[in-house]
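There are 2 protein chains.
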Amino acid sequence: MIRRDLCTLACILWSALATQASDLLPSWNDSSSKRAILSFVAKVTDKSGGSFVPTSQRIAVFDNDGTLWPENPIPFQISFTIEEIKRQLPQHPEWNSDKDIQAALSGDFPPLLRDHFRGLLHIIFAAGSGMTTEEFAASVRRWFASAKHPRFNKAYDGLAYQPMQEVLDYLRANGFKNYIVSGGGLDFMRVFSERVYGVVPEQVVGSHTAVVYELRDGAPVLVKTMNRPFIDDGARKPEAIQQFIGRRPIAAFGNSDGDKAMLEYTTIGNPLPSLGLLVHHTDAEREYAYDAKPQSSGKLITALVEAPQRGWVVTDMKKDWRLIFSE
Amino acid sequence: MIRRDLCTLACILWSALATQASDLLPSWNDSSSKRAILSFVAKVTDKSGGSFVPTSQRIAVFDNDGTLWPENPIPFQISFTIEEIKRQLPQHPEWNSDKDIQAALSGDFPPLLRDHFRGLLHIIFAAGSGMTTEEFAASVRRWFASAKHPRFNKAYDGLAYQPMQEVLDYLRANGFKNYIVSGGGLDFMRVFSERVYGVVPEQVVGSHTAVVYELRDGAPVLVKTMNRPFIDDGARKPEAIQQFIGRRPIAAFGNSDGDKAMLEYTTIGNPLPSLGLLVHHTDAEREYAYDAKPQSSGKLITALVEAPQRGWVVTDMKKDWRLIFSE
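Line by line, the protein sequences give chains A and B. Take the first sequence: its position 1, counted from the start at 1, is 1 in the numbering used here, and no numbers get skipped. Take the second sequence: its position 243, counted from the start at 1, is 243 in the numbering used here, and no numbers get skipped.
Do not rely on the hints blindly, as some may be mistaken.
Okay, the calculated beta carbon distance ranges per label pair [as the list claims (entries may be wrong)]:
| id | chain 1 | residue 1 | chain 2 | residue 2 | range |
| --- | --- | --- | --- | --- | --- |
| 1 | B | S51 | A | D217 | 21 to 31 angstroms |
| 2 | A | S32 | B | R310 | 51 to 61 angstroms |
| 3 | B | Q309 | A | E194 | 26 to 36 angstroms |
| 4 | A | P271 | B | I301 | 44 to 54 angstroms |
Because the hints were derived from the structure by calculation, they are not lab data. A virtual CB, placed ideally from N, CA and C, is assigned to each residue, including glycine.
Please take these sequences and the hints and turn them into a complete structure.
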């Protein structure tokens, strides 16, 4: 065990040194945001300093929609869900009297986003329910392979923010374990999280419902249901972090008031050094500009007001990011 | 990233070679059980063979009570819970009319174990409810520091089975990620899992209830409740594996019918090579002997009957283990 740990430590040090030789976070302009990230990582990885954090405690949590990729004109999972609902509609006559599903089909999204996205999650859970987790994953993969974002005309999974990809890589190279903690569907995100973000399925936390285990024709399957819905937003985020991870993170990245509790939990009174960062959508030209009045999800009011007193970094997409998407 | 991966790979190879130089699983007698474990690991780590499994997919799941340490005369968490109930009794007059709590206080355990341990989990959840996760962890630590097992007269956390410790180490040295997937309390097990088994808190899955996030005097806390109970036993085990891990394991270790679904999910129709193992308690002299009629938890009937047709390894503690506890 000791030999293995020493070897792993040597890898981390080597990696860190190799990284320092090149430009760090190249898609970030030289700004207070970039400096805050670099100085936080330097601090917690410096064994000789008083702020060193052992690797096992370097947990970073990232919201997904609006933090790692866009959530406009509607969150990507809603686009997928609407396609799924259309595909399954003939098998579900009861959906004709489901007002959330009807709202989604007619493109009337605001009512779906109220009360922590309750209507939205209802249609997401409904569209996944009754199928096995493998059937659902196959549907998600099919959709990603063909659907295009209406504005950027690219595959949805090609729209991860390049500066945030660099943060994920940089933290990982410095011994952090990155988790996604998102209001998005757990089973939806796990299909692409490793490929797109380098985040393995077991490090994804999200909204979910119960699955039911059964032997179907002698083979084990897990069937998605609509029971025990858990909507991973607001105060539910630190609660899910406790249940799924069981450790307090030392870095949290979000973009909306739905991430406020997660940033509080990460930064307020944490005995370890911590970093909280909010991505502020300020770039209508290259992406979108919104905070108090988002087009879909991503309302950002109180977290933005509290950021200075909490010491949270506010990243101005327009000023701080040299580019938004990979070229 | 590639440099880091190569380096990590070199560590794993080095570790594996170093391990092979010494005796593998030294507390196991040379038996079909030991050979099954060694040949499974050799197979999935052999890059040149057709059964190679990439490290990211080497997930192993372990039941705790009866598989990694004893569950007699009563599961260790019940001993802790009874002490907690006594300590908190003055603050809970309503417990005087709680029949599960009264049964526990009078030492009448059989009714608590029925229906997937419903009564047992009720008292466990009740004794933890209302306190913060940090207060609960402090109680658990206090108990482990002073309580002694009535038969072995050792601290409870000194009673991990040495042969299973070696399996945990051996799998880890071969690139496996070990998870505990147990009916035991999630917050209880996380207090000792890293220290005792080398399993970090985020790789522990267990029975739990909802926690509630709040800012208490300005500081974030998570308060344990009795809401949304989840009892991680039987079919709930593969369901919890899907929710918490999101990958199908390739190795599963258990000792009771409560582990049967987890072993099925791991081994039946798995596209990857897999191993299922049942620890059979056959050693009344050095530990305990039971299966169909356990003294407390750990009933083993149908899984034992199905083991041959499923290809599950049945480990005979008396014959297969050279020693039970570390010396």
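Hint check:
| no. | hint | result |
| --- | --- | --- |
| 1 | S51(B) x D217(A): 21 to 31 angstroms | holds (25 angstroms) |
| 2 | S32(A) x R310(B): 51 to 61 angstroms | holds (60 angstroms) |
| 3 | Q309(B) x E194(A): 26 to 36 angstroms | holds (35 angstroms) |
| 4 | P271(A) x I301(B): 44 to 54 angstroms | holds (48 angstroms) |
In summary, this structure violates none of the numbered hints.
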